[in-house]
Amino acid sequence: MAYQPKPPDGWVKTNIKYTKERGSVAWILHRITGLGLTAYIFVHIYALTSLTQGPKAFDDEMKLFQTPVFHVLEWLLFSLVIYHALNGMRIVIVDWANGARYHKKLLAVVYGLGVVLFIGMGILMFREPIANMFASLR
Amino acid sequence: MYNHTGSRGSGAPGWVLQRITGVLLFVVVLTHFFVMHANPASGHTYAAVLARMHDPFWKMFDLTFITVGLWHGLNGTWGVFRDYKMKPAVSLTIYGAIILSGIAFWVLGVNTILSF
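As given, the protein sequences belong to chains G and P, one line each in that order. Numbering-wise, the first sequence is residues 1 to 138 according to the working numbering. Numbering-wise, the second sequence is residues 1001 to 1116 according to the working numbering.
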């Protein structure tokens, strides 16, 4: 008898059920962050073309970017950067070293180190407001 | 010997280069983020950027970032699309859009850096 594929479970079930594996979640996050960062590099390159329009155009633009709202957005951007960077190294280790044997341990390292570096980056970026906040408490 | 079928090639060179550029970008992007984004005091005025642009190291750094970053990002984007079954016309349109936008923004970025 010819091979009969299983009847499809429906679009939602087929596309959701494999996400139960941690590795699949990591894979999807890697794609989303990758597409996000690619979109960002386009915006970044376009935004900095104002450098060719002289000092005033550029400094006016930077006044907008050097505001608290954009600093928070930059911090959130770092979450994409650090996840994609660390998980990317995990992919390289899985593909080119013996990482397939311990890729879930590596995943724990990715998430753990990622959270630590994200919080560390937050402290580094907002060191002045944080210092001012503590100074005002004294 | 099994030959891959279809007109797109096996994608193996892109796969290897995606990893090589990825390791390179690990260093480049994190350096860029720590120097520029993490540190508002590093100088975001026109004068400060101009001073950096006259330093061959940062000039080369930024040219590398634009070239490798765009290639890695767009090769990854194409990798996402490749996972889906597309009609040849759709596939060709998306591939063309990726190549053209890559060239356009590479020229835009390199033009900005090399105008100093």
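Watch out, some of these pointers could steer you wrong.
Straight-line C-alpha distance at most 30 Å; calculated DSBU-like pairs for lysine-lysine [what the hints assert, rightly or not]:
1. P:1085 - G:63
2. G:13 - G:104
3. P:1059 - G:13
4. G:13 - G:105
5. G:20 - P:1059
6. G:105 - G:20
7. P:1059 - G:56
8. P:1085 - G:105
9. G:20 - G:104
Bear in mind the hints are in silico, worked out from the structure with no lab data behind them.
Violated hints, by number in ascending order, as checked against the structure: 1, 3, 5, 8
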